[in-house]
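For the sequence shown, position 58 (counting from the first letter as 1) is numbered 58 according to this note's numbering, and the numbering increases by one without interruption.
Everything labelled a hint here was simulated from the structure, so no lab data went into it.
Every clue listed holds true.
No more than 25 Å apart at the CA atoms, straight line, and that leaves these computed lysine-lysine pairs for DSS-like:
1. 265 <-> 85
2. 11 <-> 44
3. 47 <-> 11
4. 158 <-> 119
5. 267 <-> 215
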Amino acid sequence: MGILEELKYKKLVVFGTGSYQRFFDSIARNYLEYSYYVDNDKEKQGKMYSGKVVAPPTNLIGENKSKVLIIIASSFFTEISLQLKRMGFIEHLHFKSASEVLLSLYIEKRNELDYFYRKSIMDFYLLDDDMEDNFIPMVGKTVPYSLTLTNAKYNLYKSVEYIVKNNLPGDFVECGVWHGGSAMIMALSLIEFGDTSRRIYLYDTYDEMPDPTEKDVSWNGTSLFRDDWNELGEVDFKKNYSTEDNVLQQLYSTGYPRDKIITVKGKVEETIPQTVPGNIALLRLDTDWYVPTYHQFVHLYPLLVQKGVLIVDDYGVLRGAREATDQYFEENNINILMTKVNMSVRFAIKI
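Just need the whole structure built from these sequences, with the hints factored in.
As structure tokens, then:
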């Protein structure tokens, strides 16, 4: 079912009236009819916007949840989704991100779109011409749940294809899950390539990030200690994680078998190797700091099967993660080609 058919009988409400909404509206308004807009800004409420009234969020309380779909067109997706959940709305059922709607619409109506609009979508979401049509909606579904750039998501998508087509044994492992976006790409890709037999292990504290050490500095030498970053206003550690239940909700929304999704809560230094798969086909490491990254290499890299896929996020931007990776390979005389996917991510095939 296409996105237009899916939304045909829904009352559409757009949450947000900022720059992101204007980008969404410039394309979607040609195909979708909204009932009204919602915004948390009291100065906008009650005023007309693009021919529709802007209502306060409380206006949604009286809506028939079975007939309404709220499209969140705002960079504050996480905050708004929590707000809607408190009002009884269910993610993926009663509300979606504008990215998911827009990229599904893009695939469905691409040949009708003016070149300017096609180009603006591709530029905004960092899409390339040779990316498969089945991959692009995955980008839309995962934008709110991942900090990973599109080229790294595509690398993950193609890694899953490589593993499935070569019948490599083993489960998938991700350490450092955040809101579950990369794990969603794994699950959606496994479904796409016809393999739902593998378990997906997701290791995370599902709480605030552990403290860094003196080894953990950015590429330009900036301290990553919590107090230093908070003073600079660069990171809000209290919001830099997702709960275990929220991550599971995102993974369940993919349709991947629920009994194959395994969350392991706690510091990896305390949960690994107590809970690990027998063999690993894909190992994705994204815990940022030196200590957990080195621990993961010691206990998980030996479980990665020959020709299995290794992905190290933050290798190019965080010196602690890079030092842990390089140290493990040097200590074990492993000479492996770490291919640069983007500024942050490195990719390798185990030899």
